[in-house]
Amino acid sequence: MTLSNLSLYTVTALLILDTEGQRVLAKYYNPPHQSTPSTGIVNDLGVGQGGPGMGGLISLKEQKAFEKSVFEKIRRGGGEIHPLPPHLIITRTIVDLHFIIVGPLSSSNELMLNQTLSAFTDSVHLLLRGQIEKRNVLEGLDLVLLAADETVDDGIILETDAAAIAARVSRPKADTTDIVINEQTLLNAYTSFRDKVSQRIQQL
Amino acid sequence: MSFKKDEEAGGMSFYHDKSTILQEARVFNESPISPRKCRALLTRIVYLLYVGETFSTQEATTLFFGVTKLFQHKDAALRQMVYLVIKELSTIAEDVIMVTSSIMKDMQPNLEVVYRPNAIRALARIIDAQSVQSVERFFKSALVDRSSSISSASLVSSYHLFPLSPSIIKRWSNEAQEAVNAKSVSSFASSASSYLSGGGSGGSGGYQAVASSSYIMQYHALGLLYLIREKDRMAITKMVQQLGSNGKSNNIIKNPMAMCMLIRFARKVMDEDPNVRKQMHEYLESLLRHKSEMVNIEAARAICEMRDVQPGDLYRTVAVLQLFMNSPKPVIKFAAVKTLNKLAQILPQSVATVNVELENLITDSNRSIATYAITTLLKTGNEASVDRLMKQISSFMADITDEFKIIVVDAIRSLCLKFPGKQAIMLSFLSGVLRDEGGYDFKHAVVEAIFDMIKFIKDCRETALAHLCEFIEDCEFTKLSVRILHLLGIEGPKTRNPTKFIRYIYNRVVLENAVVRAAAVSSLAKFGVCIDDKAVMKSVNVLLRRCLDDVDDEVRDRAAMYIKVLEEKSLADVFVREEATFSLGQLEEQLVSYVKDETKHSSAFDVSSIPRVSKEAAAAEIAQARSSALDIAGPSTPKPESSAQASTSAEAQSSSYASQLAAIPELESYGPVLRSSSKPVELTESETEYVVSAVKHIFKEHVVFQFNVSNTIPDTVLEQVAVIMNPSPDSGLTEDFIVPIQSLSAASGTGVVYVSFTRDDPSTYAAGTFSCTLKFISKEIDPNSGEPEEEGYDDEYQVEELDLGAGDYITPTYVTFSSEWDKLAESASLTETFALSSSESLKDACKSLIEVLNMLPLGGTETPTSNSVHTLNLSGLVIPTNGNDKSSKVLARCRMTYSPGSGVTLELSVRAENEQGARLVMAAI
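Note that the protein sequences, when read in sequence, are chains F and D.
FYI, the numbering for the first sequence is 1 to 204, going by the working numbering.
FYI, the numbering for the second sequence is 1 to 925, going by the working numbering.
Keep in mind that the hints are not guaranteed to be accurate.
What the simulated footprint calls covered on chain F by chain D, stretch by stretch (three residues with Cβ under 8 Å from a Cβ of chain D suffice, anywhere in the stretch; the number is not a length) [unchecked claim]: (1) 27-36; (2) 90-101; (3) 158-165; (4) 183-196.
Keep in mind the hints are simulated off the structure, nothing from the lab.
All residues carry an ideal CB built from backbone N, CA and C; glycine is no exception.
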């Protein structure tokens with residue numbers, strides 16, 4: 001009989017892949033202060049094979065191979081949830097990005113993982129003001145990274161309320177020191193403005 | 001944004017450049033610090049790590065301490081990113097503990113900043129076991145902070161820190177409990193405005209109203225509480241009862257994930273304590289109606305996976321899952337069908353009620369759901385529906401991936417064994433998919449399935465072998481070809497028309513690589529030996545002679561050997577027809593000790609002392625390992641013979657005892673262990689305060705009893721734990737000494753006490769009954785300091801009696817009974833008749849005889865076929881008596897009759913290589 005996962009370590013990885021299957025973000029979770037994989041808490045409390053800290057998916061090579069099979073699943077279509085023994089993946093495709101959450105197949109509650117993935121995508125949605133595409137994600141990468149960090153902390157689901165996650169992510173402040181206003185900068189601004197306007201007029 | 005331009009120009013490549021980043025890290029030292037620029041750079045560091053770039057320790061350390069310079073700047077947006085970088089670099093960089101004080105400043109209570117939770121979480125990554133104590137005060141206040149994000153962050157961090165310093169974190173359980181009970185989640189309170197220092201973005205005011213509505217800290221707090229109380233089953237039971245099943249306060253837990261945790265605790269508790277099973281079961285049933293689907297699924301799963309679940313327990317659960325299968329959400333459908341799939345392995349009849357829904361799911365657009373549905377149906381379906389199902393599967397196989405095909409094939413395999421009548425259609429399906437495209441794992445699964453059919457369904461043997469022959473004509477996998485050739489060698493000669501296989505096999509010799517050629521040669525030879533036909537033998541001989549010119553030496557050697565074997569009948573019995581093989585675990589152990597011990601090298605390695613197992617038993621062990629490896633939708637392979645299983649695993653066990661005993665200095669002079677009893681004898685119930693089990697080790701002149709003792713009372717420490725053994729008067733044993741356990745607490749797990757006896761006369765086998773008493777000094781643990789109190793009191797604890805008998809001197813081993821029996825006719829032999837009045841049936845009698853004598857039943861004789869007359873054949877190795885170095889063989893033939901009036905009458909004949917062995921067995925009854 002399989003044991004249920006009595007620990008909080010639930011999420012093996014959180015990934016964002018692009019349309020070519022390349023990484024935009026790939027965070028594999030391992031509990032800190034764990035000397036060797038699949039010992040200690042993760043083992044005693046039955047995280048289950050393929051769970052965080054259970055070994056596997058440690059080297060970049062393993063990870064890339066795994067992502068390849070994940071991407072293969074997505075490419076073939078046929079649904080958002082798949083077993084990929086010993087892992088379970090739930091995927092969500094938004095415009096040109098695939099958001100993927102990975103958990104152990106044997107001991108995951110699929111709905112728990114699904115809720116977590118939704119929390120992450122929804123918070124990114126809020127932070128990027130509804131425009132989730134690769135280009136925007138890369139431009140607002142700081143927000144996305146922080147959102148991921150506020151959603152899952154080394155395999156433990158930290159928050160599932162998307163609005164709360166988004167609110168926890170700070171936005172960068174403009175560097176007041178960097179903006180220098182003098183005759184030269186004003187003139188530059190004016191010139192570029194004038195060029196743009198004349199271009200538009202010519203286009204008409 | 002500083003990198004926007006580059007992004008447009010060079011795409012992603014800019015991000016990937018580690019050296020640029022290391023250079024640009026100089027901006028961290030600039031003054032004044034530019035928060036925006038620095039945050040952008042920090043983002044790129046994390047990004048590099050997340051896309052798989054690696055930093056050396058040196059680089060990471062430099063970067064890490066560069067980043068810590070940024071603590072000078074107060075910008076919240078920058079600080080939050082700094083913490084993320086610290087977290088990510090903490091595993092690579094060195095001396096990260098240096099920044100503790102900087103981080104601690106951000107953890108001050110009453111500091112209303114957005115990054116306080118981030119600081120807490122970063123701190124958990126950088127401190128070591130010694131400094132956990134110094135942050136205790138901060139953590140205790142943060143755990144119960146009104147803000148849920150701070151509370152969650154500190155709960156999760158405590159969880160991460162637990163392995164470092166369990167004793168300190170165990171003191172935080174009151175705070176964790178308070179977090180569970182949090183009446184209402186406070187919003188970010190008044191501090192919200194100061195969180196949103198990011199003025200650059202508009203609409204920030206809108207965030208103020210947003211507070212976590214998830215109550216998620218309850219989930220974290222329950223997780224931490226479980227970790228703290230893991231060893232204390234009563235406390236866990238109480239926690240589940242208080243928060244859930246008793247109903248009084250069952251509104252406290254609002255977070256569905258926390259409910260799921262509670263369900264898992266409940267499941268654990270009910271598995272361990274049958275007394276609360278009913279209560280917990282009712283609780284779980286009530287949760288099937290909970291408003292969260294996550295909770296419903298978790299509860300349904302817990303019920304389906306209960307120990308000894310009965311069909312009666314499942315009606316409601318299956319009904320809920322049935323509903324979920326009609327859900328529009330794929331994740332819910334998936335979860336439901338996965339649960340049913342697992343249930344179908346244990347109780348297919350309970351799942352059969354939802355066959356209609358399952359059939360609908362076969363056409364589901366999510367192929368994973370469809371596969372689970374179909375494999376479930378394969379288990380629940382009746383014989384009539386098989387044909388229809390197989391048709392559906394055939395259309396379905398083309399568009400699923402290999403790993404799903406394997407699942408389907410495995411399901412079909414178990415179906416074949418269930419409905420042998422349908423073997424023809426299954427076999428044609430399997431041979432069909434064998435011709436399809438597919439990788440090694442898939443082909444392997446198909447071949448395995450066909451192997452099983454050949455083994456268990458006699459009717460299909462010839463057709464199946466023919467399919468396999470065709471498959472190896474065009475097989476790209478050497479490994480599979482070799483296995484098939486081996487099987488052909490074994491099964492082929494038994495068929496009605498064996499010669500037709502020879503052509504296929506010889507084709508391999510002509511066309512294949514060396515490995516396959518060698519296998520084909522062995523296979524050919526088996527036809528020559530096993531078929532009683534001069535003509536076949538002659539043609540095989542001719543074919544083998546042609547192989548003598550092979551370019552590969554292994555092929556040549558095999559051919560030469562088998563030609564010799566064909567010519568001499570006696571060799572054939574040893575090399576081709578031999579059914580036994582060495583127990584590999586034991587053999588390895590013995591070889592290792594032989595190689596390590598220089599003194600033994602003067603004489604050759606002695607293989608006769610290694611127990612032998614039948615090939616069937618060895619195969620059963622492999623099969624068992626294989627079926628447990630198939631986690632997903634694993635097939636319910638028929639249970640291998642239990643006796644075979646027991647003997648093989650017991651051998652593995654005794655190998656590990658030997659190394660444990662070698663570590664005890666007092667036992668060093670005793671020489672090697674001759675035998676350890678196969679499995680520990682329980683001397684207490686598993687539910688008692690102290691759990692004791694015993695293992696018996698026999699040495700040349702001594703007997704050592706090993707007592708595994710564990711203490712299940714959490715608040716006491718037992719010191720100087722010893723076991724006082726009183727042998728029955730005529731046992732022939734004298735006590736030498738006791739190796740006590742110095743200290744034993746609930747946390748320290750199981751300790752071992754050794755009691756050693758000298759065998760007064762090593763040439764006889766001492767036997768007797770021992771009364772055993774556990775003797776110790778009991779000390780309570782001071783709840784404040786966690787240290788045991790100075791004063792303890794002596795206490796005793798009576799455990800059950802322990803027997804030492806014939807079975808402890810005998811190792812089960814495999815022989816070919818009839819020939820060995822005849823061989824031993826000349827040596828010691830005894831016959832006596834007994835009345836076994838206590839046995840109710842022949843089956844009972846067999847079971848108890850095997851148990852008492854600890855010998856291996858041969859040829860399936862452990863299961864009587866008749867109710868009135870039966871013969872049980874047993875074999876074993878008796879450990880050597882004084883003066884003898886070798887273990888001696890002993891065989892027993894137990895002829896039994898049963899009549900309802902007088903019970904079982906046994907005529908026991910024992911033949912052994914020496915007198916004592918025979919007497920030992922005889923005396924045991």
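Results for each hint:
{"no.": "1", "hint": "27-36", "result": "holds (count 5)"}
{"no.": "2", "hint": "90-101", "result": "violated (count 1)"}
{"no.": "3", "hint": "158-165", "result": "holds (count 6)"}
{"no.": "4", "hint": "183-196", "result": "violated (count 0)"}
Hint check: violations occur at hints 2 and 4; the rest are consistent with the structure.
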